[in-house]
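So the protein lines, in turn, are chains E and X. The first sequence maps to residues 19 to 324 in this note's numbering. The second sequence maps to residues -18 to 409 in this note's numbering.
Any given hint could be a false lead.
Said to hold, decoys possible - When the alpha-carbon atoms are kept at most 20 Å apart in a straight line, the in silico SDA-like pairs for lysine to any residue are as follows: (1) X:Lys171 / E:Gln243; (2) E:Lys109 / X:Ile296; (3) E:Lys48 / E:Val93; (4) X:Lys299 / E:Val139.
Stated by the list, open to error - Here chain X is said to cover these stretches of chain E; the calculated rule only asks that three of the stretch's residues, wherever they fall, bring their Cβ under 8 Å from a Cβ of chain X: (5) 42 to 53; (6) 124 to 132; (7) 206 to 220.
It should be emphasised that the hints constitute simulated quantities derived from the structure, not laboratory data. All C-beta atoms in this analysis are idealised placements derived from N, C-alpha and C, irrespective of residue type, glycine included.
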Amino acid sequence: MKLQSRHLLGLEGVPEQDITLILDTAASFKEVLERPIKKVPPLQGKTIVNLFFESSTRTRISFELAERRLSADVVNFTAQGSSVSKGETLKDTARNIEAMKIDMVVVRHAASGAPHFLTHVVKANVINAGDGAHEHPTQALLDMMTLREKFGKLEGLRVCIVGDITHSRVARSNIYGLMTMGAKVSVCGPATLIPKNIEELGVRVYHNLEKVVTEVDALNVLRIQLERQKSGLFPSLREYRRFFGVTKEKVDRAPKPITIMHPGPINRDVELSADLADGPHSVILEQVTNGEAVRMAVLYLLGTSN
Amino acid sequence: MKLHLKSGRLIDPAKEKDTVVDLLIVDGKIERIGKSLAADRSYEAIDLKNKVVAPGFIDMHVHLREPGYEHKETIRTGCASAAAGGFTAVCCMPNTNPAIDEESVARYVQEEGRQVTGGLVDVYPIAAATKGRKGEELSPMAELSKAGAVGFSDDGSPISNAEIMRRIFEYSSMYGIPVIQHAEELTMTKNAYMNEGFVATRLGIPGIPPIAEELMIQRDIILLRYIPKSKYHVAHVSTAGSVECVRRAKAEKLNITCEVTPHHFTLTDDAVASFDTNLKINPPLRTKDDVKAIKEALRDGTIDVIVTDHAPHTIDEKEVEFAQAPFGIVGLETALGLAVTELVNKKFLTLSQLIEKFSVNPRRILSLPVINIQEGEAANLTVFDPEKEWVVDIQAFKSKSKNSPFHGRKLKGKAVGTVNNGKSWFEM
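This is chain X alone, in the form it adopts within the complex:
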């Protein structure tokens, strides 16, 4: 593999770099970086004029569904979807069957990822925090971290029991691995399936109150204050109140970080009036005020990471009554477009800040090696065209599932290639 990436706009937030350069990549390594480099014909020349070259994106919240739910997605199709969306790494959530709550499953997902992508997409497991994600007994966290787990979470379900959460904080702190909480006070959300508020009242749908999320975050912050060595990461924040909880805890210098999905900064619960089950998501779509607060929190750095919460479900599973449909939507192939369209083009984030939230920050939170875009370093790159206009077509998705509410939406910004572990793809 020999690539000559010509005239790309290299943006590396870690080095505060933003310049137009050529890169020569040989067998997965960056051989040279410089202005208008000459290269012989053995290099495949790729013209990246007006394209952005960034450190490889990672989506730290993905449901790959394998093992156990291969009819929805496999590691192969999920990684293909990730690559197409511009990601060079994904973290897979442990709500598989069996759950990722022991070494062998953690090793399996990584190995399968290497096998099926050849290294184009790294798969990092987030292991269950409790056995079987039941919230009762600690998972073997030491073994799991040795087997490559980069985070602990019972995602899909919260860690409800305060005593168990405390012990998870303590135990995981020995290894510096973050605890990722799906914050939901379940006693308040039974049989509820959209945001509680005016729209739910109109539709007669039992509501998930915003405070169900905020209560749990606030409880966890109190635990974190008590066990300050642990690392706490809030999954998919969705409310103005949640964002405010995190902002205050950060001001206290607690080890707290959080993430948001593109749908939570793009859509509101108004859309649910169509009863489209692709708008049934947990946490649910919230109000205009929540979206506004989330965008502000992205701008001021309260929200560290953009994730997809990619949650594939088959058409048959979703084509049912709203009450019966499973929660979740796919997101790997629309995340970048939505983020550029909603955040960069609407002046909430610069391109450099966008790259921080897709690459630098999640890698820091998960203690993954820093991507150095320097001569002699391994090439782990995401290349995207921030000006490219395109229309979302679910039939073109590489993901096995098509459950996206964004079908037909016009977006600006699309990945045009990635490079990782000596593998690459480009499509202008």
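For reference, chain E alone in the conformation it holds in the complex:
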């Protein structure tokens, strides 16, 4: 079984069978994570560089652990204190690193499309670990894996993504992936944080969280950035919390318990109340574990297909 592309740049256009293959592969790697010795040999001799032009803790650690558990050699690159701060371009940085014989590149970058650009300048497999507000495919895959574990299937599942949709790569990748898998996807947030024409992707748009909770199986709650307030996109955190913050009080109106997801890091008691984050219907830590399994699956499928 092989993926159709030799890169993972996003989930837009990725066919259902590829997503299923990744999720099935991830499920078997999850077993590896339960073993006392959490290491398998498939990427032995492969060298992977993690190119992080934007700060990240959990995604970078998750990728690095996944790479090491597959026995790859790993190099980490962060923009701070690197050649980038000396004015080197992305193209030169990537080409120089590739000249050191790299097989795969995992890239996180603030500019949408940066991983696509890399595929034109290097020969290595490129995995997108988050580009601008565009895509974060492994995050959406781990979200889908978590939902599939919880509900048994994704088809027909009702998922609402709550928060700043405009600036969210997690939202976009989830929309593409979940729609492909037949889920019913909606978004909920202030009108200023919902991008134009998003309905054309087939999602429903809500501005009323109280209504949303009566109609969904799971909420994927996005982190709200304080900077958005300064650029005039919402009035205050207080108001945001009151109307769009996911709280026990609001969720309790639902006819049945709603599964709570969050890509992290959480602003506790801002977009998500602490009692829900730590509550019985939260799958936030499962998401983190599944993140490793999904990343192992993606690295394995791309790294062994050449």
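Please build the complex by placing chain X on the supplied structure of chain E, with the hints as guidance.
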């Protein structure tokens, strides 16, 4: 110089002329026009069967980059590119370094143009409307017009301040020189770099809303109504709404004209999904509906002029992340081919109307001398083959820069020669 241009199809929209004739040109002047003229062997005979002979084309929106950005383009390479594209004149925008905001720079670009082309391409400066293009204080417009400026613009940036725009309208009206506005409400376009809409939403790229352009055009129209003696020309319109604003203002008989680029009538924002930085343009590529409205506006005369907005950038400058890349593409060598392919062959314009938009209308807007294709007049001619099929090859560009999204595109229609100021080139 003695040329015998044989059996060309002379199309002169100003005289409503469309006939197959011979022209004899001696030292830059049209000596004779007539059917199957005889000429002795001192004339270089050029067979123009099935080629169109037109009044010389002018591109009134070009970034020649000199002085200041000679690594992107020079007046020499820019003019060579213009000539190859069939233009006998270009207007250079003032966003050079130093900006064309004082006499000496305005004179320099014209003189350098004469020097490096020998007159094959006339360079007309469009001077900054404000000092340093900062939008704060008026540029010395009287001096600049005396030094040859044919328009005033802060192109690259809008003239944002309404009070300053009003005063520019008033001051420039004394000299009958058009104010050319890069219409963009900057408060709505901060850090944005493609059309706002479905594609931008898919790609997670901050969007430039169409209304950012339309708002400024509408504001300027209100100012123009207040100061009706001034002349207002909207640079590179890109949206259906902009076109509608101009159409209504024209119906009111205001002194308003506008231009469009070939990329805005050829491409849509769908193409940006490739993250090709040669599709990063300001104003951005818009939607199918906008392209349709623009083609209609070209047909009904709302859009007066086709320009290139030729904006050279080096490969290194463009080979970066989409967010980091500078805006703009080169266009001088593809404009005619795109216009024939997209507009003439798709029946939006006749060849005569095409020539109006490349020659007659821009010269009228800029108050440049009318090109008379008559015996005894100076020969200023563009000759093109409307049937010639060719494939765009950026490596063959005369321009120093190669930032074109049209590489590899099959086009119909190509310039095969120009004549101006006693200089000429022909290549069939």
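Hints and how they fare:
1. With a C-alpha separation of about 18 Å, the suggested pairing of Lys171 (chain X) with Gln243 (chain E) holds against the 20 Å cut-off.
2. Distance hint between Lys109 (chain E) and Ile296 (chain X) is fulfilled; the C-alpha atoms sit about 12 Å from each other, no more than 20 Å.
3. For the given pair, Lys48 (chain E) sits about 24 Å from Val93 (chain E) by alpha-carbon distance, which is inconsistent with the 20 Å threshold.
4. Between Lys299 (chain X) and Val139 (chain E), the direct Cα distance comes to roughly 13 Å. Compliance with the 20 Å bound is thereby established for this hinted pair.
5. Counting residues of the segment 42 to 53 of chain E whose CB falls under 8 Å from any CB of chain X gives 0; the rule of at least 3 is not met.
6. Here the segment 124 to 132 of chain E counts 6 residues with a CB under 8 Å from a CB of chain X, which clears the bar of 3, and the coverage holds.
7. Taking a C-beta to C-beta cut-off of 8 Å, the segment 206 to 220 of chain E contributes 6 residues in contact with chain X, enough for the three needed, and the coverage statement holds.
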